[in-house]
Amino acid sequence: MTILENRPNTALLVVDVQKGVVEGAHQRDVVVANVAGLVERARREGVPVVWVQHSDEELTRGSDGWRIVPELTPEDAEPLVEKSYGDSFEDTTLETVLSGLGVGRLVVAGAETDACIRSTLHGAFTRGYDATLVSDAHTTGDKTAWGAPPPDQVIAHANLYWTYQTAPGRTAGAVETKDVVFGGTS
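Taking the working numbering, the leading residue of the sequence shown gets 363, the next gets one more, and so forth.
Derived by calculation from the structure, the hints in this document are not laboratory data. In this text the structure is predicted, and so the values were computed from the model without any measurement. Each hint should be verified, as a subset may be incorrect.
Quick list of simulated restraints, FRET-style, between CB atoms [stated by the list, open to error]:
#: 1; residue 1: E385; residue 2: L442; range: 26 to 32 angstroms
#: 2; residue 1: G490; residue 2: G408; range: 20 to 26 angstroms
#: 3; residue 1: E385; residue 2: A518; range: 19 to 25 angstroms
In silico DSSO-like cross-links for lysine-lysine, where the CA-CA straight-line distance does not exceed 30 angstroms [to be verified]:
#: 4; residue 1: K505; residue 2: K540
#: 5; residue 1: K381; residue 2: K505
#: 6; residue 1: K381; residue 2: K540
Glycine included, C-beta positions come from ideal geometry on N, C-alpha and C.
With the hints as constraints, model all of the structure from the sequences given.
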């Protein structure tokens, strides 16, 4: 249903599941296991897995914290997009990668819910992509010291608002890992 022409394919977009990003994150092990299950299923079904890896002043490229968590291993043939802004499309090669794969629909998982996941979902949607958030495969750290709600509430709110996101000619939604359908609308 995407408004992007000749882009019938779906990709799993794994955003910032890096040691320094998810260390201490809400339900880290459960979320990483759900992401790993999605990656395995996508590979088995021939669905492209596209990895996104963040770096900035606090998360230095090449540092231990910058590395993808050890439970997940991108395959050599899988695209890895490096970014330095919240929106995975902003000043990156992501659009070129997805266009080359004929992708018009994204299934999104990773971290952090209230930053890069949210920005990437909105970035995808405004660029014409259908975007499904995997409701139990994204997480965030505790930012209550800065006035944010607790992580479980941040995650629940993201799932709620993305479930009801609408725009002409595009679909959105939030589904659990077990309900993800790569071949069509979840």
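Verification of the hints:
| no. | hint | verdict |
| --- | --- | --- |
| 1 | E385 with L442: 26 to 32 angstroms | 20 angstroms, violated |
| 2 | G490 with G408: 20 to 26 angstroms | 23 angstroms, holds |
| 3 | E385 with A518: 19 to 25 angstroms | 22 angstroms, holds |
| 4 | K505 with K540 | 29 angstroms, holds |
| 5 | K381 with K505 | 18 angstroms, holds |
| 6 | K381 with K540 | 25 angstroms, holds |
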